[in-house]
Each structure stands twice: as structure tokens, then as C-alpha cells.
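Asks: Note that the numbering used here numbers the sequence shown so that position 148 is 148, with each residue one more than the last.
Derived from the structure by calculation, the hints contain no laboratory data. A virtual CB, placed ideally from N, CA and C, is assigned to each residue, including glycine. A couple of the hints might just be wrong.
[Claimed, not checked] Under the rule of at most 25 angstroms between Cα atoms (straight-line distance), these lysine-lysine pairs were calculated in the DSS-like manner: (1) Lys40 x Lys23; (2) Lys123 x Lys58; (3) Lys111 x Lys123; (4) Lys149 x Lys123; (5) Lys58 x Lys39; (6) Lys149 x Lys87; (7) Lys19 x Lys51; (8) Lys111 x Lys39; (9) Lys149 x Lys111.
[To be verified] The following label-pair restraints were derived from C-beta to C-beta distances: (10) Gly14 x Glu105: 32 to 42 angstroms; (11) Phe167 x Lys39: 40 to 50 angstroms; (12) Gln153 x His86: 14 to 24 angstroms; (13) Asp55 x Arg21: 20 to 30 angstroms; (14) Ala126 x Leu85: 32 to 42 angstroms.
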Amino acid sequence: MHLDYISNFAATLGHTLVKHRMKPRVYIGCMKCGPVLAKKGVRYYEPENWKFGGDGNKYFRHATGQLYAISNELAAYISINQHILHKYVNEDVSLGSWFIGLDVEHIDDRKLCCGTPPDCEWKAQAGNTCVASFDWSCSGICDSVVRIKEVHQRCSENSSAIWNAVF
């Protein structure tokens, strides 16, 4: 599992992952595909952009880098083959590229990529607690030192959730 500077909730994460634990090759995250950034100096610039075709091409579907999980079988595959797996500038793109030719179940779970308040707060109030919350513009929580406590207060799972969780 990969985790950036985001707010996450352990019990909700556990409940999400347990649903997929018996699957041999699973890749869980907020799946996306976006433009390959070929202009030097921009955030997330891809020096090997030519490998993705011409101008205006998009990346293949992959999980956004804030939070994703892979099965044990896929982790073992990466560990065994790490010396021959190509690494792009952005680790989420690298990971997604390694799974293109494999028999992998891609699971797009939007609970893993909620926005910070009010988005995650509304979902929590409706009983759909997010696994993770972050600001897309920052690829994490903007000004996290100041805001993390507020995000946890407004978006958190029930205070007893972790103690009552059964996996």
C-alpha cells in the first residue's frame, strides 16, 4: 500500500481491503488517465513522454498516487522483477505500466480519493466515510500542518470504528 500526506481512516481502509483479500492479482485505487505532460518545467513532467505516442496522448489507466493497494501476489511479482521493471518519473505511472500486460483486476474505488471538507464531511454524514481525503491541487492536504486536525474532525469515521472493526 502507498500513502501520501493525506487524511486516512484505518477501520474504513480495513473494511475496504478485506473485501478483496482473497483475490490473487488486484490493484485498488482511484483509477485515472490523464494527459502525458511533455512540457519541461511543469509539475509531473514526463521526460519519456515520447513513449506514450504523440502530443495530446493520455496515460493508460492507473491509480492516483495518493493511496492505492496491491495484492500480495502483485507485490511479490514486483519484488522478484524489480531489476527489469522500468521506472517512470511518477511512481503511480510506473506501477500502472507494470500491470498492463498482466491479468490484473483494476478496482476503481472512489472512497480512496475524497476531497477534503466539505466533500468528505458530506459523505461521512451520509454514512459513506472516505478511506482517504486530500486536495487534488496539492496531491495531498494543502497546508497539512494547519488543516489535518480539522479534516479529521469533520470527516472522520466513528470514534469507536477501529476498536469494533472485525476483519
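Asks: With reference to the structure, classify each hint as holding or not holding.
Replies: Now for the hints, and whether the structure bears them out:
Of the supplied pair hints, the one linking Lys40 and Lys23 is violated, its CA atoms being roughly 40 angstroms apart against a limit of 25 angstroms. With a C-alpha separation of about 30 angstroms, the suggested pair Lys123 and Lys58 falls outside the 25 angstroms cut-off, and the hint is violated. Of the pairs offered as hints, the one joining Lys111 and Lys123 holds, with about 9 angstroms between alpha carbons and a cut-off of 25 angstroms not exceeded. Using a Cα cut-off of 25 angstroms, the hinted pair Lys149 and Lys123 holds, with the two alpha carbons roughly 18 angstroms apart.
At most 25 angstroms may separate the alpha-carbon atoms for a hinted pair to count; Lys58 and Lys39 meet this at roughly 14 angstroms. Note on Lys149 and Lys87: the hinted pairing is violated, with a Cα-Cα distance of about 35 angstroms set against a maximum of 25 angstroms. Straight-line distance between C-alpha atoms of Lys19 and Lys51 comes to about 36 angstroms, which puts the hinted pair past the 25 angstroms bound. Of the pairs offered as hints, the one joining Lys111 and Lys39 is violated, with about 32 angstroms between alpha carbons and a cut-off of 25 angstroms exceeded.
A C-alpha spacing of about 20 angstroms is found between Lys149 and Lys111, which places the hinted pair at or below 25 angstroms, so the restraint holds. At roughly 20 angstroms, the beta-carbon separation of Gly14 and Glu105 lies outside the given 32 to 42 angstroms, and the hint is violated. Between Phe167 and Lys39, the C-beta spacing of about 45 angstroms keeps the proposed range 40 to 50 angstroms intact. At roughly 42 angstroms, the beta carbons of Gln153 and His86 sit outside the given window of 14 to 24 angstroms.
Asp55 and Arg21 have their C-beta atoms about 42 angstroms apart, which leaves the hinted 20 to 30 angstroms range violated. In this structure the hint that Ala126 and Leu85 lie 32 to 42 angstroms apart at CB holds, the actual value being about 40 angstroms.
In this structure, the earlier hints numbered 1, 2, 6, 7, 8, 10, 12, 13 are contradicted, and the remaining ones agree with it.
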